[in-house]
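Asker: Please construct the entire structure, taking both the sequences and the accompanying hints into account.
Chains R and F, in that order, are what the protein sequence lines are.
Note that the working numbering has the first sequence beginning at 1, numbered continuously upward.
Note that the working numbering has the second sequence beginning at 1, numbered continuously upward.
Hints should not be assumed to be uniformly reliable.
Here are the computed lysine-lysine pairs in the PhoX-like style, where the Cα-Cα straight-line distance is at most 25 Å [stated by the list, open to error]:
1. F:176 x F:141
2. F:176 x F:144
3. F:176 x R:18
4. R:49 x F:188
5. F:176 x R:2
6. R:49 x F:176
7. F:188 x R:18
8. R:49 x F:142
9. F:73 x R:49
Keep in mind the hints are simulated off the structure, nothing from the lab.
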Amino acid sequence: MKTHLYTFFIRWYSAQGKPLPRWVESACEKNADLHRERTLEDELSRQLKVSPEARQAHSDVAELSAQVLAALREEVGTPSPDSMPQSAPTLNWRIVAFPLAAAAAIALLITFSHPRLGEDPAIIDGGITVAAVSNLPDFEIIDVETSPWKNPLDQEVENVLTDAKGAMGFLASSFLPSSLAGKLVKTDGDAS
Amino acid sequence: MSFTGSISLNGMTTSEPQISSACKVVEAPALAPEQPSFELLIHQHQAKLFNFIYRYTRSREDAEDLLQDTFIKAFRNFDRYDSQYTFSAWLYTIARRTVCNHYRRRRPTESLEFEIVDPYATPDTDAEAADAKQSIWALAKKLKPEYQEVLILKYTDDLSIIEIAQVMGKSLVNIKTLLFRARHQLRKLDHNHLLSR
Numbered sequence: 001m002k003t004h005l006y007t008f009f010i011r012w013y014s015a016q017g018k019p020l021p022r023w024v025e026s027a028c029e030k031n032a033d034l035h036r037e038r039t040l041e042d043e044l045s046r047q048l049k050v051s052p053e054a055r056q057a058h059s060d061v062a063e064l065s066a067q068v069l070a071a072l073r074e075e076v077g078t079p080s081p082d083s084m085p086q087s088a089p090t091l092n093w094r095i096v097a098f099p100l101a102a103a104a105a106i107a108l109l110i111t112f113s114h115p116r117l118g119e120d121p122a123i124i125d126g127g128i129t130v131a132a133v134s135n136l137p138d139f140e141i142i143d144v145e146t147s148p149w150k151n152p153l154d155q156e157v158e159n160v161l162t163d164a165k166g167a168m169g170f171l172a173s174s175f176l177p178s179s180l181a182g183k184l185v186k187t188d189g190d191a192s
Numbered sequence: 001m002s003f004t005g006s007i008s009l010n011g012m013t014t015s016e017p018q019i020s021s022a023c024k025v026v027e028a029p030a031l032a033p034e035q036p037s038f039e040l041l042i043h044q045h046q047a048k049l050f051n052f053i054y055r056y057t058r059s060r061e062d063a064e065d066l067l068q069d070t071f072i073k074a075f076r077n078f079d080r081y082d083s084q085y086t087f088s089a090w091l092y093t094i095a096r097r098t099v100c101n102h103y104r105r106r107r108p109t110e111s112l113e114f115e116i117v118d119p120y121a122t123p124d125t126d127a128e129a130a131d132a133k134q135s136i137w138a139l140a141k142k143l144k145p146e147y148q149e150v151l152i153l154k155y156t157d158d159l160s161i162i163e164i165a166q167v168m169g170k171s172l173v174n175i176k177t178l179l180f181r182a183r184h185q186l187r188k189l190d191h192n193h194l195l196s197r
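Answerer: Below, the structure is given as C-alpha cells:
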C-alpha cells in the first residue's frame, strides 16, 4: 500500500516537472522498486523533451516571416520600411490634441462672451417664477405657482421626522406594555 | 497591470505598451531596446506557433493564414497584454482561439482535434521512418487529443503549467491531472520498453 502511494507521488511530481519531496526521495533510496519507478519517470521526461519535429525547414520559416510582416504592414497601412522615416512618429496624439484644445478654448470664449442668462435672471419672488423671456420672443411668461414658497429641504426633513415618529409609535404599541405605550404615543402626539 | 512605453513595427507605433520583465524577450538586454520591435517578436515565436497551429489544422495553407491572423490580432491588441503571463503564452492563447473560431465558422459540425504531426516530415529513408516510429512521440500520437496537446505544450513548447492552463482555458489542477494521465497512458503503451532501454 505504501509503495503504491509513493509511486503515485513520484508520478505526480514528475508529471509537473517538480523535484520530489525529501521524504519521497529518501523512500526511493531505500526501496529498489521506487528507485526504478523514479528512473523510468525521469527517462520518460527526457524522451518527451526531444522534439517530435523531425526537421525544421529554415527557408520556409524565413518566407513565413516575410509573409506575416507583409500582412501586418498591410493591416496597419504603412509603406515599406525603406521609405519609412527614421524618427518614430510619436506625435500623433499631439496632432489631434492641439486642435481639440483650440476648439474647446474658442467654445469657452464664445460662451463667456455671450450675454449670460444670469444677467437677465429668472425672477423668483414669493413663489412666482417667471422665465426670462426678454430675448426669446417665442417663449411666454408662465405663472407657475402662487403658493408661499417653502424650502424643499425643510419639507423633506419634516417628512422624515413624521415618518420616524410614526414608526416609533408603532413599535411602542407593538412591543411595550399598553400603559407605557399609551404614554409614549400621547407624548408623540403632543410633540407633533 | 498597466504598461508604459511603446512598441513599433519598423518605426510605426501603435499604442503605449511596453513588454514588462515577465516577458522572456526583455529578459535578455541585448534583445530588449527601449522600443522593442514587433518584428523581432515575430521571428522569435513564429516557428513554434506555426507548428502549434498546424497540429490543429493539418494543412500548411490554413496554418499560415491563421498564423498571420494571430499576429495581426496580437499587434492590434498589444495594449491588452497582461505581463503576469509570458508573451509566448499570450500568443498561444490568441492562436488557439483563432483556430477554434476559424473551425467553428468553416466546419461547425466537426470538432477541433489536436494531433501531433510534423509539418516538415519527409522521411527520406526507411530507417528514418523506422526510427520515428520508435520514439515516445509515436506512442503519444495514439493518445487522446487533449493529452497530446498538453504534452506538446509542456515538453516541446516549454510552457509552464500556469501558462498551459491559460492557453487551454482550464484550471491548474485540471492540467496537472491531464499531464499525469497522459504520462501514465504512455507508460502503458510502451510495450517495446522504450523507457527501460
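Asker: Each hint: holds or not?
Answerer: Results for each hint:
{"no.": "1", "hint": "F:176 x F:141", "result": "holds, 20 Å"}
{"no.": "2", "hint": "F:176 x F:144", "result": "holds, 16 Å"}
{"no.": "3", "hint": "F:176 x R:18", "result": "holds, 11 Å"}
{"no.": "4", "hint": "R:49 x F:188", "result": "holds, 19 Å"}
{"no.": "5", "hint": "F:176 x R:2", "result": "holds, 22 Å"}
{"no.": "6", "hint": "R:49 x F:176", "result": "holds, 17 Å"}
{"no.": "7", "hint": "F:188 x R:18", "result": "holds, 22 Å"}
{"no.": "8", "hint": "R:49 x F:142", "result": "holds, 18 Å"}
{"no.": "9", "hint": "F:73 x R:49", "result": "violated, 30 Å"}
Consistency note: the structure conflicts with earlier hint 9 alone.
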